[in-house]
Amino acid sequence: MSDDFEFGLIPERRMDWRTLAVSYGLQVVFIFFLIFVGLLWPEKMPLHRKYTVTELVPRPVLPLKHHVTREPQKKVMLAKLLPPVRFEAPRLVVPKDLIRKKKKKELEKEIEAPKFEAKNEMPQFPKVSGALPAKLIYTGSFGSSALP
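Residue numbers (my numbering): 21 to 168.
Everything labelled a hint here was simulated from the structure, so no lab data went into it. Computed from a predicted model, the values in this text were never measured in an experiment. Possibly wrong hints are sitting among the right ones.
Distance ranges between label pairs, derived from CB positions [stated by the list, open to error]: (1) L76 - V48: 39 to 47 Å; (2) P104 - V81: 55 to 63 Å; (3) F136 - V114: 30 to 38 Å; (4) P103 - P134: 36 to 44 Å; (5) Q47 - H68: 25 to 33 Å; (6) Y71 - V48: 29 to 37 Å; (7) P92 - R69: 38 to 46 Å; (8) V114 - K135: 32 to 40 Å; (9) F50 - L76: 53 to 61 Å.
Beta carbons are placed, not taken as given, at the ideal position from N, Cα and C, and that holds for glycine.
Turn these sequences into a full structure, and let the hints guide you.
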């Protein structure tokens, strides 16, 4: 490797002043062109005009002779009161089919609650032996037909 390489900033390019002057000059000419287009053809670019009148001396208020002012007649409306609404007291109506006359015996007889007997018995399961039966494994369905 050579020792010629140095780490540093790249040198900046110098600004060409002629290019800068030409670009700004063209922009200024374009802006002036847009302004003068409105002055050359004012029909196409109308300006907003607002006319206002400022009174230096206020005008006196003259009474109107021909116009007679009347107050509008107010219509008087009377409200009629309605009679108060009365509702009948609510009552329970039971159909005659449901009415049953109780016998004197039924009234005198006391009704006892049904008795409930709980039976708590342990369920009986069959006894299981501790050894599992041996299973035969058949391996003759694959491999060679030679005896082992």
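Structure-based check of each hint:
Checked against the hint of 39 to 47 Å, the pair L76 and V48 passes, with Cβ atoms roughly 45 Å apart. Judged by the Cβ atoms, the range 55 to 63 Å given for P104 and V81 holds: they are separated by roughly 58 Å. Look at F136 against V114: about 35 Å separates their beta carbons, and that is inside 30 to 38 Å. At about 60 Å, the beta-carbon gap between P103 and P134 misses the expected band of 36 to 44 Å.
Checked against the hint of 25 to 33 Å, the C-beta distance between Q47 and H68 comes to roughly 27 Å, which is consistent with it. Restraint check, Y71 to V48: a C-beta distance of roughly 35 Å satisfies the suggested window 29 to 37 Å. For P92 and R69, the hinted distance range of 38 to 46 Å is satisfied, since their beta carbons lie about 43 Å from each other. One distance hint, 32 to 40 Å for the beta-carbon pair V114 and K135, holds here, with the actual separation near 35 Å.
For the pair F50 and L76, the supplied restraint of 53 to 61 Å is violated, since their beta-carbon distance comes to about 46 Å.
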